[in-house]
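A.B. asks: With chain H held as given, fit chain R onto it using these hints.
Here's the letter readout for the chains.
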Amino acid sequence: MRDHDHDDPKAYCDPHIADEQERTALTTMFPAEKFAYLQAQTRRHFLRNFTAGVGTIFLGASLPELCRSVHAADRSIDGNLRIDFARDPSHPLSVLPPQFAPTAKRVIYLHMAGAPSQLELFDYKPDLAHLDGKDCPQSFLAGKRFAFITGVPKLLGPQYPFHRAGQSGQWISDRLPHLEKHVDDLCFIKSMKTDQFNHAPAQLLVQTGNARLGYASIGSWVTYGLGTENQNLPGFIVLISGGNMPDGGKQLWGSGFLPSVYQGVQCQSHGDPVLYLKNPEGVSRQARRSMLDVVDEINRQEHKEFGDPETVSRIAQYEMAFRMQMEATDTMDIHKESAATLAAYGARPGEASFANNCLVARRLAERGVRFIQLYHWGWDSHGAAAKEALNLGFQDRCRETDQPIGALLDDLKQRGMLEDTLVVWGGEFGRTSMKENRNGGSPFVGRDHNPGAFTIWMAGGGVKSGYTHGETDAMGYEIVKDPVEVRDLHATMLYALGFDHRKLNYPYQGLEQKLTTVNPARVVGEVLA
Amino acid sequence: MALSLRQLISARRHRLVVLVAILALAFLFLASPPDGQERSSWLLFAGKFHLLTIHFPIALLYVVPLLELIGRHKRFPHLRASVEFMLMLGLLASMFAASLGWALARNGGYSGRIVTQHMWGGLLTALACWLCWILRDHATTRRGNIVYWAALAITVALVSWTGYRGGQLTQGENHLTDGMPTPLQTLLGISTDDSAATGGTTLTVIDRNTFYGARIEPIFAKNCYSCHGPNKQRGQLRLDSYKAILRGGKHGVVIQPGNSTGSELFHRINLPQTDDNAMPPSGKRRLTPDEIETIEAWIKAGASETSPLNAVQGAPTNVATTPKEIELPKYDPSIADKARSTHASDVAALQKRYPDLLQYESRTSAMLSLNASLVGEKFGDSDLVSFKPVLEQIRAADFSGTSISDHSSDLIASMKNLRLLRLSHTHVTDDGVQRLRHLEQLQSINLLGTQVTPAMLGMIASMPKMEHVYVASTKIAPASANTPTLKQKLIF
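Just so you know, the sequences run in chain order H and R.
Each residue of the first sequence is one higher than the one before, starting from -15 at the first, in this note's numbering.
Each residue of the second sequence is one higher than the one before, starting from 18 at the first, in this note's numbering.
Each computed DSS-like pair below joins lysine-lysine, with the alpha-carbon atoms no more than 30 Å apart: (1) LYS347(R) / LYS448(H); (2) LYS341(R) / LYS177(H); (3) LYS288(H) / LYS369(R); (4) LYS165(H) / LYS341(R); (5) LYS301(R) / LYS465(H); (6) LYS320(H) / LYS492(R); (7) LYS301(R) / LYS128(H); (8) LYS165(H) / LYS504(R); (9) LYS165(H) / LYS371(H).
Label pairs and their computed distance ranges (CB to CB): (10) LYS369(R) / ASP280(H): 18 to 28 Å; (11) PHE42(H) / THR199(R): 22 to 32 Å; (12) THR470(R) / ASN64(H): 47 to 57 Å; (13) GLU286(H) / ARG370(R): 28 to 38 Å.
Hint data in this document are derived by calculation from the structure and do not stem from the laboratory.
Every residue, glycine too, gets a C-beta built ideally from N, C-alpha and C.
The shape of chain H in the complex, shown without the other chains (with noise of 0.2 Å):
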């Protein structure tokens, strides 16, 4: 290096070399020089200087500390054991067990995106049908922001009428009599609470414990806790009845700040069940195959060069879209289920529909996977149109889910699935005891955003049937008895499926992340069996 900058002519020029090279001989060789130098030394010296000794007592003192939370330790912040989720690489998806035994090994979550009315499905008042028309009491108003009512509105009663339904004696109105088959097996909670009153950030909240984006869904969560059985398929699959993608977007089913391959999956119902799944024109399985030997060959030379792992999860992921081929196609073929089955959904092979998505949830559920999602829309009852009208388009919604969930169910309870397959339903939060007439006197009627109560209704995996928690006031607009917190819904959903909430953690930007936030998180004990 020295005899290098002999070469350069630039050497003597350069004023820091020059520098250096002074700076070293003055300090070893002569003692009274280094003294002088010292003497020379100005605070614009200093000011250059001292920087990087700053920078180098942070990194001394913070490394250790920066190190822990970016490397699994095997203690969290707590002195607590952490639970260990490292995996082979190449099987990212392997099945780890749960921190305890689980009542429910998997999950069905049926999203009603748009947030159905509790009012009219569940949650019955008599009393706002006494006041319907009346002017709504100030005191509900105060303080309240909402989406759409402006003004001091009117009561709204139910539009449709009740009865108690089942051994248990739950209300239920009558567009569901397909589930009210199942109330016994029903678990409501009818005082679901949340703090967003739009759209996509209480998806956000409900799907993935935060209104803001870049956080990981449920399915995330519990397929980077538990992998999934069945390596032929995703562990995370989502299903969309067609039509509109909810609000919230795919987020909704993304992994967040956890390993992408954790995300979920989106399926279709026509064509390729996964995009791009199956082989192009003229290309054979076994050309395939040779292809894939070849780029595999390649990434494990990669691999072995660079040591990265995540060239070792990309081959697993070809891997496993190989295996896919034969058996996600398989799978999502509702074809090969008989007439009476089909009937009994109301699927139609081929269409985009909540229908056929609820018989290919089953199917997957039957094959081991971990999280299946659906997604319904339409549900966002404001009465502005038809088709989003209680007294119109909220009875189509019901009658495209009545059937098939009461059928899944009825599947479920048949092959004996119920016992460890958790079902949730809900949307993202409720609807107002008031009536929305945003067109003044047009004939359809409507509900705004309530994010101050909601019902949801969850089935198998643990939880109580033919049983209700949590309660409204009477005009069902504000929770009175019990109040369940989206992050205590994960909570429970977690529990149930093996975990202590805080402990099925990730560390990121110095946190261990976990899907019930920061904030504390009860599990409803109440509601489980």
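C.D. replies: Same frame as chain H, now just chain R:
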């Protein structure tokens, strides 16, 4: 080194003035101790500055021995010159802060053991500090020096102890031990789960078979004890024992047995949260409607300590009102290690041979869960034979859609801990199922789409723990169930 009072007086008169001031403060503390009442808001406001001012003397008094020590070094002799000034400043500042502390405690509704100890700790610190100041003059001799250093040590110890007590007042009693790293806790022999620490000085045994003990006391404990319990008695009211509840507070009795609406306590828990008199006060958790109804029913029934659970009419009885708190188990995988040791190597070998099929039930369990349905028809009787070493550990076995037949019945029958068994769409028949009769733990059996007939139902009915029997698409019809209990178990 003779130290007489006269010498003291003649030497430095102002020292005596300070001593008199300290004694006056002590007299004040004795005459009007903090008694849990709230008084002048002006003095209370001044008292709030206690927290701000207190850190000044603390720092000064820690610095004094430091100055003395470093001052011994030949390079820093000048440091010792400031010691006297520091001592005097620390003394005055600690007296000032102590007076403010008294103003806070006396007027802010404080009382109890900790606040008393903290108060006298502060005063003793001032006294010790004064002693140091005196003794320093006589530290020229060896003996005098020893006495002076002892006084310094006492001062520092007093500052620390008083500071710790003050921390307990503001941060909670276990503020140091709560967040302590576990190894340090074990080293010091501290247990944070110590219920005695949270229970304070209450030694009364509460009879949980009475309505008071089972329903009322838990409500008070959860919502009221923090201000009306062993450590704080706001308004001179304690709610942590039945006697104290009936005694009432500075505004008189809070409960009139039989008269809920006339009871101050009931009145206050019903006030809107914005009301100044509302209890629990704003910012604290409100009582739930059920809790209020429970208290109302109890007062109406005579607010008895001893009346049994069922003697109080009109209290909400809904089971859901008693919250079911789930205790999340502590994660400790090592507890399974020993239980697994008998079969861990067999499990590992099987997991290698049959990937994804065999799993531990959980990370803390030695029991297993077998899911052969993933392999489908490729899994047959001969495969199950290889699972022989672990059969007793299997708690759930799923053979749905496999080629398992009656030949495997004996192997399945030796899964003594089996709770859940799925044989749907397999070749098993009545004969095979009959041989499972000794599976005493079995709760759920799935025979969907098999050739079983009503002939085996009698044996199913005799299984002690059986709850769910899945028999759709078999020769069994709903009419085959001849008893109501069996009918309940069959699922079609």
